[in-house]
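Starting from the given sequences, assemble the full structure and let the hints guide the process.
Going by the numbering used here, the first residue of the sequence shown is number 1, and it counts up by one from there.
Some hints here could point you the wrong way.
What follows is a set of in silico ranges between Cβ atoms, one per label pair, in the way DEER data are often shown [as the list claims (entries may be wrong)]:
hint : residue 1 : residue 2 : range
1    : 141       : 70        : 32 to 42 Å
2    : 10        : 75        : 38 to 48 Å
3    : 77        : 12        : 37 to 47 Å
4    : 150       : 45        : 29 to 39 Å
5    : 4         : 49        : 12 to 22 Å
6    : 45        : 78        : 24 to 34 Å
7    : 102       : 4         : 23 to 33 Å
8    : 16        : 45        : 34 to 44 Å
9    : 153       : 83        : 27 to 37 Å
10   : 123       : 27        : 30 to 40 Å
Here are the computed lysine to aspartate or glutamate pairs in the DMTMM-like style, where the Cα-Cα straight-line distance is at most 25 Å [unchecked claim]:
hint : residue 1 : residue 2
11   : 49        : 70
12   : 149       : 57
13   : 132       : 57
14   : 149       : 134
15   : 132       : 108
16   : 49        : 87
17   : 132       : 154
18   : 132       : 69
19   : 149       : 108
20   : 49        : 77
21   : 132       : 27
22   : 49        : 130
23   : 49        : 69
24   : 49        : 4
25   : 132       : 56
26   : 149       : 15
27   : 149       : 14
28   : 49        : 15
29   : 132       : 70
30   : 49        : 8
31   : 132       : 150
It is worth saying that the hints were derived from the structure and are not from the lab. Nothing here was measured: the structure is a model prediction, and the numbers come from that model. Glycine is no exception: its CB is placed at the ideal position from the N, C-alpha and C atoms.
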Amino acid sequence: MSIEVNNESGVQVDESGLVALSRYIFEQLYIHPQAELSILLVDEPAMEKLHIELMDEPGATDVLSVPMDELTPGTPDRPTPQGMLGDIAICPQVATVQARNAGHSLQDEMLLLTTHGILHLLGYDHAEPEEKAEMFGLQRELLSGFTGKEAPAETTQ
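Structure (structure tokens):
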């Protein structure tokens, strides 16, 4: 399993925690052990640039996902094929504000955003109410399973 974290944000983040969470999600969703994931932590100007390039929207955002091989969750009998899951960009500065507003720690917010980003890479979305219920329900389930406590309140829309 290749999970790389590249922190260019200038904010101290528990990178090993993000890797451990990603491994946990891979196992829970039967993602091939050789699948590749890249997590990039960037500052607000870099995130705004990515947000404009990828979504044509101004301003820094919390997390962006760029799927590569369009992998989807597997099953115990049929895991996801080997491939590149994709890239997640997270802005710890935006995450800090969201964590403060939600009343939880930056680490909880970073775990939330990582989970959210991975689920987007796997094809989950939250544009429609039923999609949102499915995605956010799975997000809470994965976070609670990983942390052993109730998942933090969703801050992503």
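We went through each hint and held it up to the structure:
| no. | hint | in the structure |
| --- | --- | --- |
| 1 | 141 to 70: 32 to 42 Å | violated, 23 Å |
| 2 | 10 to 75: 38 to 48 Å | holds, 41 Å |
| 3 | 77 to 12: 37 to 47 Å | holds, 42 Å |
| 4 | 150 to 45: 29 to 39 Å | holds, 34 Å |
| 5 | 4 to 49: 12 to 22 Å | holds, 21 Å |
| 6 | 45 to 78: 24 to 34 Å | violated, 43 Å |
| 7 | 102 to 4: 23 to 33 Å | holds, 28 Å |
| 8 | 16 to 45: 34 to 44 Å | violated, 27 Å |
| 9 | 153 to 83: 27 to 37 Å | holds, 33 Å |
| 10 | 123 to 27: 30 to 40 Å | violated, 18 Å |
| 11 | 49 to 70 | holds, 24 Å |
| 12 | 149 to 57 | violated, 35 Å |
| 13 | 132 to 57 | holds, 21 Å |
| 14 | 149 to 134 | holds, 20 Å |
| 15 | 132 to 108 | holds, 20 Å |
| 16 | 49 to 87 | holds, 16 Å |
| 17 | 132 to 154 | holds, 11 Å |
| 18 | 132 to 69 | holds, 23 Å |
| 19 | 149 to 108 | holds, 11 Å |
| 20 | 49 to 77 | violated, 41 Å |
| 21 | 132 to 27 | holds, 23 Å |
| 22 | 49 to 130 | violated, 31 Å |
| 23 | 49 to 69 | holds, 24 Å |
| 24 | 49 to 4 | holds, 21 Å |
| 25 | 132 to 56 | holds, 22 Å |
| 26 | 149 to 15 | holds, 20 Å |
| 27 | 149 to 14 | holds, 18 Å |
| 28 | 49 to 15 | holds, 23 Å |
| 29 | 132 to 70 | holds, 19 Å |
| 30 | 49 to 8 | holds, 14 Å |
| 31 | 132 to 150 | holds, 19 Å |
Going through the hint list in order, the structure does not satisfy hints 1, 6, 8, 10, 12, 20, 22.
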